[in-house]
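Protein sequence lines correspond, in order, to chains A and B.
Residues in the first sequence are numbered from 1 upward in steps of one, following our numbering.
Residues in the second sequence are numbered from 1001 upward in steps of one, following our numbering.
Among the hints, a few may not be true.
Computed footprint of chain B on chain A, listed as stretches where at least three residues anywhere in the stretch have a Cβ under 8 Å from a Cβ of chain B [stated by the list, open to error]:
hint: 1; segment: 89–101
hint: 2; segment: 230–236
hint: 3; segment: 245–258
hint: 4; segment: 449–455
Here are the computed lysine-lysine pairs in the PhoX-like style, where the Cα-Cα straight-line distance is at most 20 Å [stated by the list, open to error]:
hint: 5; chain 1: A; residue 1: K156; chain 2: B; residue 2: K1036
hint: 6; chain 1: A; residue 1: K393; chain 2: B; residue 2: K1170
hint: 7; chain 1: A; residue 1: K494; chain 2: A; residue 2: K473
hint: 8; chain 1: A; residue 1: K494; chain 2: A; residue 2: K505
hint: 9; chain 1: B; residue 1: K1132; chain 2: A; residue 2: K442
hint: 10; chain 1: B; residue 1: K1063; chain 2: B; residue 2: K1102
hint: 11; chain 1: A; residue 1: K442; chain 2: B; residue 2: K1063
hint: 12; chain 1: B; residue 1: K1102; chain 2: B; residue 2: K1170
hint: 13; chain 1: B; residue 1: K1100; chain 2: B; residue 2: K1063
hint: 14; chain 1: A; residue 1: K395; chain 2: A; residue 2: K432
hint: 15; chain 1: A; residue 1: K533; chain 2: A; residue 2: K505
hint: 16; chain 1: A; residue 1: K432; chain 2: A; residue 2: K242
hint: 17; chain 1: B; residue 1: K1100; chain 2: B; residue 2: K1170
hint: 18; chain 1: A; residue 1: K432; chain 2: B; residue 2: K1063
hint: 19; chain 1: A; residue 1: K442; chain 2: A; residue 2: K399
hint: 20; chain 1: B; residue 1: K1102; chain 2: A; residue 2: K442
hint: 21; chain 1: A; residue 1: K395; chain 2: A; residue 2: K442
hint: 22; chain 1: B; residue 1: K1170; chain 2: A; residue 2: K395
hint: 23; chain 1: A; residue 1: K442; chain 2: B; residue 2: K1039
hint: 24; chain 1: A; residue 1: K463; chain 2: A; residue 2: K442
hint: 25; chain 1: A; residue 1: K494; chain 2: A; residue 2: K399
hint: 26; chain 1: A; residue 1: K432; chain 2: A; residue 2: K399
hint: 27; chain 1: A; residue 1: K442; chain 2: A; residue 2: K432
Just so you know, these hints were derived from the structure itself, not from any lab.
The beta carbon of each residue, even a glycine, is placed where N, CA and C say it ideally should be.
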Amino acid sequence: MTQPIYSFPGGLHPADHKAESNGRPIQSAPLSPRYLIPLRQHAGLPAEPLVQAGDTVLKGQPIGAPGGRISAAVHAPTSGRVVGIEQHPLAHPSGLDDWCIVIEADGRDEAVAMTAIDWRQAPVWEARAALAEMGLVGLGGAVFPSHVKLESHLNKIETLILNGAECEPWITCDDRLMRERADAVLEGAEIMRRLLGAGELLIGIEDNKPEAVAAMRAACAAAGSDAKVVVVPTRYPSGGAKQLIQLLTGLEVPAGTLSTDIGIQVFNVATAYALQRAMELGEPLISRVVTVTGHVARPGNYEIRLGAPIEELIQLAGGALPGASGYLVGGPLMGFDLDSLHAPVTKGVNCIIVTHPALFPPRPRAMPCTRCGQCAQACPANLQPFEIFLYAKAKNLDKAQAYHLADCIECGCCSYVCPSQIPLVDYYRFAKSEVAARDREKQAAELARDRHEFHLYRLEREKQEKAERLGKKASERLEAGAVAADDPEAARKKALLEAAIERAKQAKAAVAPANTDNLSPERQAEIDAIEAKRKEAGQKETTP
Amino acid sequence: MLTAILVMAGIGLLLGVVLGWAEIHFRVAADPLVDKIDKILPQTQCGQCGFAGCRPYAEAIAKHEADINLCPPGGEHGIRQLADLLGVEFKPLGEGLTPKPKSVALIDENTCIGCTLCIQACPVDAIVGASKQMHVIVADVCTGCELCIAPCPVDCIHMEVVHENLGSWKWRYPVFPIQHEDAKAA
């Protein structure tokens, strides 16, 4: 029985440019002298450093612990010495610097003791717990911590989908990985299936990768697995999680919900491969396969340790050819420009494209939107991009949200087909991050309000407690006075006290103010007059 | 004629009874408008508006005792929301009030003498410490109200602007450099 294939709306057929880089086997990159390990290379909270400058570390040693539930650990890519925790530029659209652990490699590449997990026998919770330490994140680009996706879900996961579509032009790292390491990829998927308790395993691959399809099918046959390799037609963005689900199952993930709500979980093939290594070898995520292509001498795929400078990757590929105009991280549709070549390779970097004006001509000037509707036809999420664009441009976020801004997957189809050359996705990204910032501010305000209300309540409570305490003391004193009558010791003390008070009073009376001694008669008369006046005034006040 | 009058009077009486009953049974104790205004205010509790916190300012706005443009942390967006809610015209931020970048207070631990005065001043209990012990500000809950700065007898508190990081970074509004057509052709 063949697996039926469904369809998703919209999409594109851009020139795929896969042949440039998919002909060569994956090459291992040599060790670098220096590694920068960013603490934030995943979705969620940044990792918290576990090492400090001067520490020596071994390959695979955790150097950053997950900073929260949605976070991932980071590990040393090789053995060496930590020289510091510093701010460095990262491969990120912001071009901002962020905290990185800097490791100077010692060249020995000694590894910590890694223990494999017997995932076939070990209880699921044990495998999950071990996995949480491995720093695994989605390697397709979303970098969401994998252990969170593998936790038990509210809804039972019926279907696990392995995403090998790799729909974006130029990128071939998943293709090569499936061709060369199909057995490991499949085993990783089987581990996921066991952890999730899913029944069905579907592997979706676009039909422009026949070698990968054949390799995966052979791996399934060899392992005796009932996983189904499904060949889907090449159409961007078939590798989008929601689009692939639609292609393979015919189900649409409803707006505002997750695929797990309809019992489906999707993982990238590279993530499955990393998971297999984590389980079978006990090796945390410290390397990945990156495609280097475009205007370079030897386009291809390179397996490189995380934290190595991107510059080195480009050198491995023979360096940028003369006339290169820039560097793209990710694919041409969803990627972004790289600001600094010193930025390290991180978990989310799947492709570096060296650009050339002939390959990537500069985008012509944007013209006004004519509401032609081509973007709506190309949109795989069934949105009306031109409406969202107009509201995002006017900064009318509420209206943009009403047109389901949140369901935009930022695939770039609308920008690609726009005859007015409007960079539509830039506007959606702007609007989305404004909405997110507004939500953050609202949450902060809620927190501050709660804390302020508690502060006021606390002040009131403290005031009351103080009043109660004083009242209690006063009543105790009264009682003590009553008791003293029949206690000779207390009576003696009281008498002493009273005598002391009396003495103090007398002493005070004896000391006359010095400025009233030896006064001249005129002065005395003046004082008398004032005293008389004062007396009169006092009488006046009391008897008006 | 008489029936008509009686019917109308009867309906009037009935509706009056219903309204009277509703007045008693569906009474809303607090002014819901105050809550709505309070929700828009940024809850920094900084008192720059001249009131002792966000809620008192919200109450004053609801009673028409205060203007809507007195809250610098709320910014222009806040004033617009208030104007929308109350059906009044937008007006720019009041004179002498300037919006500042989001910042948090920081205690210089070498100078702090542990007097607890700042702890008492903090409206959101964001300062941890005790008498003659080091004080520390919990940056995550600090609203940047600056109320702790004035009471400090040794001036050891200063405001630190919160810089953008990868977590708070926002995509910019797309802007395109102006290009001269002839320059492009050349």
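Now the hints, each set against the structure:
Here's how the segment 89–101 of chain A fares: 6 of its residues keep a CB closer than 8 Å to some CB of chain B, so the rule of at least three is met and the hint holds. Counting residues of the segment 230–236 of chain A whose CB lies closer than 8 Å to any CB of chain B gives 0, so the stated coverage by that chain is violated, three being the minimum. Counting residues of the segment 245–258 of chain A whose beta carbon lies closer than 8 Å to any beta carbon of chain B gives 0, which falls short of the minimum of three for the stated coverage. Residue count for the segment 449–455 of chain A with a Cβ under 8 Å from a Cβ of chain B: 5. That meets the three needed, and the coverage hint holds.
Restraint check for K156 (chain A) and K1036 (chain B): not satisfied, since their Cα atoms lie roughly 41 Å apart, outside the 20 Å limit. Proximity of K393 (chain A) to K1170 (chain B) is assessed by CA-CA distance (about 15 Å); at most 20 Å being required, the pair is judged to hold. With a C-alpha separation of about 18 Å, the suggested pairing of K494 (chain A) with K473 (chain A) holds against the 20 Å cut-off. Between K494 (chain A) and K505 (chain A) the alpha-carbon distance is near 16 Å, which keeps this suggested pair within the 20 Å criterion.
Pair hint K1132 (chain B) plus K442 (chain A) does not hold up; C-alpha atoms about 36 Å apart against a cutoff of 20 Å. The straight-line distance between the Cα atoms of K1063 (chain B) and K1102 (chain B) is roughly 30 Å, outside the 20 Å bound, and the hint therefore fails. A distance of roughly 25 Å separates the Cα atoms of K442 (chain A) and K1063 (chain B); the hinted pair therefore is violated under the 20 Å criterion. A hinted pair counts as satisfied when its Cα atoms are at most 20 Å apart, and K1102 (chain B) with K1170 (chain B) qualifies at roughly 15 Å.
At most 20 Å may separate the alpha-carbon atoms for a hinted pair to count; K1100 (chain B) and K1063 (chain B) exceed this at roughly 28 Å. Of the pairs offered as hints, the one joining K395 (chain A) and K432 (chain A) holds, with about 11 Å between alpha carbons and a cut-off of 20 Å not exceeded. Taken as a hint, the K533 (chain A) and K505 (chain A) pair is broken in the structure, with Cα atoms around 29 Å apart against an allowance of 20 Å. Simply put, K432 (chain A) and K242 (chain A) have alpha-carbon atoms about 19 Å apart, close enough for the 20 Å limit, and the pair holds.
Between K1100 (chain B) and K1170 (chain B), the direct Cα distance comes to roughly 19 Å. Compliance with the 20 Å bound is thereby established for this hinted pair. For the hint linking K432 (chain A) to K1063 (chain B), the alpha-carbon distance of about 36 Å lies beyond 20 Å, and the restraint is violated. Between K442 (chain A) and K399 (chain A) the CA atoms are separated by roughly 18 Å; this keeps the pair inside 20 Å, and the hint holds. Straight-line distance between C-alpha atoms of K1102 (chain B) and K442 (chain A) comes to about 14 Å, which keeps the hinted pair within the 20 Å bound.
Between K395 (chain A) and K442 (chain A) the alpha-carbon distance is near 18 Å, which keeps this suggested pair within the 20 Å criterion. The hinted pair formed by K1170 (chain B) and K395 (chain A) meets the criterion: a straight-line CA distance of about 14 Å does not exceed 20 Å. Restraint check for K442 (chain A) and K1039 (chain B): satisfied, since their Cα atoms lie roughly 9 Å apart, inside the 20 Å limit. With a C-alpha separation of about 32 Å, the suggested pairing of K463 (chain A) with K442 (chain A) is violated against the 20 Å cut-off.
Taking the CA atoms of K494 (chain A) and K399 (chain A), the gap is about 81 Å. The hint is violated against a cut of 20 Å. For the hint linking K432 (chain A) to K399 (chain A), the alpha-carbon distance of about 12 Å falls within 20 Å, and the restraint holds. A hinted pair counts as satisfied when its Cα atoms are at most 20 Å apart, and K442 (chain A) with K432 (chain A) qualifies at roughly 15 Å.
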